[in-house]
Amino acid sequence: MKALRFRRNLPRYAAARLAGSLTPGRGATVGPLELVDLDPPAEPGPDWVRVRPRLSGICGSDLATVDGRSARYFEPLVSFPFVPGHEVVGDLDDDQRVVLEPVLGCASRNITPACAACADGRLGNCEHTTFGDLSPGIQTGSCHDTGGGWATAFHAHPSQLHPVPDGLSDEAAVMVEPTACGVHAAFTARVPDDGVVAVLGAGTLGLVTIAALRAHTTPRTIVATARYPDQRRLADELGADLVVAPDEIRRAVRRAAGTRAIGGNGQGPKGDVDRLTGGADTVIDCVGSSSSLTDALAIARPGGRIVLLGMPAVVELELTPLWHRELELVGSYTYGTEALPDGSTARTFDLAFDLVTRADLGRLVTATYPLARYREALQHAASAGSRGAVKVAFDLRDERERNAR
Amino acid sequence: MTNGRHPAPRPGFVLDVDRNTPPILFHHGPGFRLEKLPAGRSRVIYPAEPLEGLPDPEAAIRHALLNPLGDSAPLPALLRPGMKLTIAFDDISLPLPPMRRPDIRQRVIEAVLDLAADAGVDDVHLIAALAIHRRMTEDELRHAVGDRVYDAFAPKGLLYNLDAEDPDGMVILGETPHGEDVHFCRRAAESDLVVYVNINLVSMDGGHKSTATGLAGYTGLRHHHNVHTLRNSKSLMDRKNSALHASNWRMGSVIRDAGVKIFQIETTVNNDTFGREGPLALLQKREWEWTGRDRAQFLAMRAGLDVLPSNTRRKIFDTWQAPYQMTSVQAGEVEAVHEVTTDNVYAQQLVPVEGQTDVLTMGLPYICPYNVNSIMNPILVMCLGLGYFFNLYRGRPLVREGGVLVMSHPTPWEFHPVHHPSYIDFFEQVLADTTDPVEIERRYEKQFAEDEWYIHLYRTSYAYHGVHPFYMWYWGSHALEHLGRVIIVGGDPAAVRRLGFQPASTLSDALEMASDVVGPQPTITHMKNPPLLMADVT
Chain A
1 MKALRFRRNL PRYAAARLAG SLTPGRGATV GPLELVDLDP PAEPGPDWVR
51 VRPRLSGICG SDLATVDGRS ARYFEPLVSF PFVPGHEVVG DLDDDQRVVL
101 EPVLGCASRN ITPACAACAD GRLGNCEHTT FGDLSPGIQT GSCHDTGGGW
151 ATAFHAHPSQ LHPVPDGLSD EAAVMVEPTA CGVHAAFTAR VPDDGVVAVL
201 GAGTLGLVTI AALRAHTTPR TIVATARYPD QRRLADELGA DLVVAPDEIR
251 RAVRRAAGTR AIGGNGQGPK GDVDRLTGGA DTVIDCVGSS SSLTDALAIA
301 RPGGRIVLLG MPAVVELELT PLWHRELELV GSYTYGTEAL PDGSTARTFD
351 LAFDLVTRAD LGRLVTATYP LARYREALQH AASAGSRGAV KVAFDLRDER
401 ERNAR
Chain B
406 MTNGRHPAPR PGFVLDVDRN TPPILFHHGP GFRLEKLPAG RSRVIYPAEP
456 LEGLPDPEAA IRHALLNPLG DSAPLPALLR PGMKLTIAFD DISLPLPPMR
506 RPDIRQRVIE AVLDLAADAG VDDVHLIAAL AIHRRMTEDE LRHAVGDRVY
556 DAFAPKGLLY NLDAEDPDGM VILGETPHGE DVHFCRRAAE SDLVVYVNIN
606 LVSMDGGHKS TATGLAGYTG LRHHHNVHTL RNSKSLMDRK NSALHASNWR
656 MGSVIRDAGV KIFQIETTVN NDTFGREGPL ALLQKREWEW TGRDRAQFLA
706 MRAGLDVLPS NTRRKIFDTW QAPYQMTSVQ AGEVEAVHEV TTDNVYAQQL
756 VPVEGQTDVL TMGLPYICPY NVNSIMNPIL VMCLGLGYFF NLYRGRPLVR
806 EGGVLVMSHP TPWEFHPVHH PSYIDFFEQV LADTTDPVEI ERRYEKQFAE
856 DEWYIHLYRT SYAYHGVHPF YMWYWGSHAL EHLGRVIIVG GDPAAVRRLG
906 FQPASTLSDA LEMASDVVGP QPTITHMKNP PLLMADVT
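In order, the protein sequence lines correspond to chains A and B.
All residue numbers for the first sequence refer to the numbering used here, where the first residue is 1 and numbers rise by one.
All residue numbers for the second sequence refer to the numbering used here, where the first residue is 406 and numbers rise by one.
Errors might be hidden in some of the hints.
[Claimed, not checked] Straight-line distance between alpha carbons at most 25 Å, and here's what the computed DSS-like set of lysine-lysine pairs gives:
1) B:K690 to B:K645
2) A:K270 to B:K720
3) B:K645 to B:K666
4) A:K270 to B:K851
5) B:K441 to B:K666
6) B:K489 to B:K666
[What the hints assert, rightly or not] Some, not all, of what chain A presents toward chain B, calculated at C-beta under 8 Å:
7) H144
8) P246
9) R254
10) R255
11) G258
12) R260
13) D274
[Claimed, not checked] Quick partial rundown of chain B residues pointing at chain A, CB under 8 Å, derived from the structure:
14) Q702
15) V823
16) P826
17) E833
18) E857
19) W858
20) H861
In case anyone wonders, no lab produced these hints; they're calculated from the structure.
Predicted model, so just to flag it, every value in this text is computed and none were measured.
Built from N, CA and C at the ideal position, the CB exists for glycine as well.
Can you make the complete structure from the sequences, with help from the hints?
What follows is the structure in structure tokens.
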């Protein structure tokens with residue numbers, strides 16, 4: 001089978017880090033990622049099934065890996081070499097189309113009894129991601145044993161698979177996984193009715209989060225940042241009330257929240273907006289950088305909640321406002337089970353399937369590439385916004401190795 | 406009246422451009438451009454040369470106070486011990502640029518205070534009638550009223566800026582037959598006499614607008630500072646054809662009927678903006694009369710400015726004070742006074758012009774009424790060009806309906822955060838959404854006008870009111886409706902586009918772009934302003 005494989009290779013990793021810092025996505029050219037022909041992997045367990053990807057998305061965490069920007073935090077949580085790719089719609093051997101829920105929790109690791117988080121349906125919080133029958137790996141796409149979506153085949157545990165309804169396009173289906181992240185963030189945000197919520201970033205995560213907020217919460221105002229015209233348009237279409245450039249967010253939230261501002265750390269001229277006295281009830285940071293987190297701390301109202309959805313690495317941050325304004329800073333990783341307002345619960349993926357359909361999120365897939373052009377694909381994904389794209393994916397439907405029976 | 410110090414000033418005139426016409430000087434913010442206009446189809450409107458000032462301003466002021474116009478007693482007869490006297494005066498927006506000391510306001514206020522002292526009046530307040538403009542600083546107030554007046558009144562809290570958002574300091578005097586609330590300064594309303602001290606730089610100023618606008622806040626201003634009124638002010642410089650002024654005049658009647666006694670003192674200045682001598686004198690010379698020394702001086706000045714950072718250039722220009730001279734002073738009943746004042750403004754500024762043009766060009770200078778000691782942000786560029794200069798006409802607009810306006814200005818994406826905080830938001834949010842004045846008014850005005858932070862900054866800092874950028878946009882709404890296209894030469898392209906206009910690198914590019922709208926070989930008229938002129942278009 002054909003696959004993009006990521007090996008542990010420190011010199012190449014360093015080269016990727018350097019190249020990626022100069023040109024985002026350039027790590028694919030010089031780094032540890034390579035296109036290889038592999039023997040099909042052994043099934044990790046008796047229940048496992050083969051999945052032949054149709055579309056496999058490229059996400060921000062993948063790009064961080066390719067460009068050598070991933071946090072060292074992940075080192076014990078992955079197993080080398082691995083095949084990336086966790087946003088997948090594919091076919092089973094019986095031609096059933098499925099979407100992958102990539103988290104490798106207790107069920108897929110054959111661990112009984114399951115940890116408290118898995119037992120509670122919170123797969124993303126699984127306590128056993130380095131244990132059980134599988135090598136370490138928090139998701140398919142970072143575990144050596146399972147393979148990943150950037151290949152013509154990989155293995156999945158039945159607990160990870162969701163049938164795709166007839167009529168749902170592959171483009172829509174491949175958006176289910178990132179959409180589930182946005183749905184989970186929307187629930188994690190605990191947006192008060194009639195509140196003000198700010199969404200920082202209008203890449204894939206930002207856009208699906210806006211759609212999820214509009215679908216599952218009732219804020220008075222959603223303010224979003226977008227760097228590029230197409231992002232701005234999509235954020236607006238998906239439900240943001242106000243879309244501004246990133247450097248305009250403090251003033252925009254001030255207006256939306258009807259609060260006052262403090263300029264120049266109190267020393268500067270009145271009229272500057274350094275931080276707000278009140279602010280947004282909830283901020284969802286879909287970027288995860290020092291800059292975006294600093295913005296989040298500046299615009300969240302006292303007692304407000306900041307949800308970190310974008311994957312950070314090492315960031316430098318002034319945390320005094322977190323302390324002084326008694327802010328909550330919570331992470332939002334993947335998905336699991338959500339508590340609905342009527343007291344019932346639902347799988348995040350089920351909600352995501354519904355949202356993808358209702359909000360037509362398949363339109364966010366704006367470019368696809370064959371595996372052989374992976375360098376172009378990754379560079380395109382790394383500069384998606386400026387090139388008018390949102391989600392870039394590998395299209396494996398015509399790969400010869402995939403279709404050979 | 407003339408004192409014979411200078412040759413008789415030449416009137417304004419219209420030059421037809423031919424092949425021998427030298428390049429024309431265009432103002433370009435804190436800088437200049439020399440532009441060659443197409444021969445055979447271009448013309449340049451030059452302002453009149455400065456009229457002579459009154460030879461003895463103090464005597465003229467005293468004469469006006471003792472010999473009022475209209476149905477008014479002389480000022481001394483209106484003053485008595487125990488009365489409440491309020492002297493309101495025009496704010497930092499007049500004149501432009503600020504004039505050299507002594508400011509006319511100082512001369513007039515000192516004369517009024519002398520008479521008040523003679524009459525034993527001891528309850529006197531002096532109020533900068535700034536409506537929703539930014540507050541004046543101590544330095545600016547000292548410049549306007551003089552140190553003697555400032556030191557006598559300000560420390561006791563008797564000289565201050567109007568606070569039109571002080572709920573205890575403002576009253577509603579009534580309603581006009583058109584349902585317009587007349588919002589007014591309480592101290593003025595409760596005074597036995599309001600003396601208003603005006604500097605009438607352009608024909609829009611003065612009259613009932615001095616008090617009905619200058620001593621009002623948003624509650625009152627919204628009735629005439631709106632798109633409908635300003636689209637029906639053709640022009641807002643022509644009082645008798647201005648819906649803006651009609652509204653102010655209606656409010657003036659309500660003020661009078663409410664028992665507020667106003668003694669109006671209006672003054673006019675000549676257009677000696679840059680001096681007959683000195684470093685900027687050539688800016689008011691006609692180009693073919695430049696000497697070799699003028700040309701060398703211009704080239705040196707332009708080269709020097711070109712290498713300076715923009716804020717340094719701005720600061721250099723901010724230090725310039727115009728050697729304006731007072732050409733008239735009249736006092737008494739508001740309407741009678743204003744008729745004479747308007748005639749005196751026209752005597753200096755009105756230039757007869759035959760027929761409209763396809764393309765109107767203007768060089769916008771570094772200053773407008775709302776960026777004194779501040780930054781000319783893009784919204785103010787729009788307002789100066791489309792609000793003020795476009796409206797400097799009587800009869801018909803200089804440019805035909807569907808024609809093109811070409812303005813030269815650097816239009817930096819830059820704002821003064823202290824003076825113009827709501828402008829930043831207006832630019833970032835409102836103009837990013839729409840440039841249609843009607844939509845802007847409908848969807849955004851109330852939010853900005855009632856924004857607590859803007860109100861706080863207006864009252865306690867030096868910020869224009871939150872609604873002020875809206876009024877700047879409405880000021881240009883007649884022009885926006887009239888014009889087929891607006892092009893800015895040499896501006897920041899992103900800022901120009903945000904305004905809804907088209908950027909051009911050079912004047913010839915702009916004229917080529919204009920021909921897309923008005924056809925090939927269009928007629929072109931350049932309004933050479935400042936020094937100020939007003940076109941009387943037949």
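Against the structure, the hints come out as follows:
1. With a C-alpha separation of about 32 Å, the suggested pair B:K690 and B:K645 falls outside the 25 Å cut-off, and the hint is violated.
2. Proximity of A:K270 to B:K720 is assessed by CA-CA distance (about 21 Å); at most 25 Å being required, the pair is judged to hold.
3. Between B:K645 and B:K666 the CA atoms are separated by roughly 24 Å; this keeps the pair inside 25 Å, and the hint holds.
4. Under the criterion of a C-alpha separation no larger than 25 Å, the hint pairing A:K270 with B:K851 is consistent with the structure, at around 22 Å.
5. Taken as a hint, the B:K441 and B:K666 pair is broken in the structure, with Cα atoms around 54 Å apart against an allowance of 25 Å.
6. The suggested pairing of B:K489 with B:K666 holds, with an alpha-carbon distance near 11 Å, which does not exceed 25 Å.
7. At its closest, the beta carbon of A:H144 sits 49 Å from a beta carbon of chain B; the interface hint therefore is violated under the 8 Å criterion.
8. For A:P246, the interface hint is violated, the least distance from its beta-carbon to any beta-carbon of chain B being 12 Å, above 8 Å.
9. A least Cβ separation of about 7 Å between A:R254 and chain B falls short of the 8 Å threshold, and the interface hint therefore holds.
10. Here the hint on A:R255 is kept, as its CB sits about 6 Å from the closest CB of chain B, short of 8 Å.
11. Hint on A:G258 holds. Least Cβ distance to chain B is approximately 6 Å, under the 8 Å limit.
12. Contact between A:R260 and chain B, as hinted, is supported at the beta carbon level, the nearest pair being about 4 Å apart and thus within 8 Å.
13. Of the supplied interface hints, the one on A:D274 is violated, with its beta-carbon coming no nearer than about 10 Å to a beta-carbon of chain B, more than 8 Å.
14. About 36 Å separates the beta-carbon of B:Q702 from the nearest beta-carbon of chain A, more than 8 Å, and the hint is not met.
15. Against a cut-off of 8 Å between C-beta atoms, the interface hint on B:V823 holds, since the closest Cβ of chain A lies about 4 Å away.
16. At a threshold of 8 Å, the smallest CB-CB gap from B:P826 to chain A is about 4 Å, leaving the interface hint in force.
17. For the restraint placing B:E833 at the interface with chain A, the shortest Cβ-Cβ distance is roughly 5 Å, inside the 8 Å limit, so the hint holds.
18. A hinted interface residue such as B:E857 counts as satisfied when its beta carbon comes closer than 8 Å to some beta carbon of chain A; here the least separation is about 6 Å, so the hint holds.
19. The closest approach between the C-beta of B:W858 and any C-beta of chain A is roughly 4 Å, which is under the 8 Å cut-off, so the hint is satisfied.
20. With a cut of 8 Å, the hint placing B:H861 at the interface with chain A holds, because the nearest CB-to-CB distance is about 6 Å.
Comparing the model with each earlier hint shows violations of hints 1, 5, 7, 8, 13 and 14; every other hint is respected.
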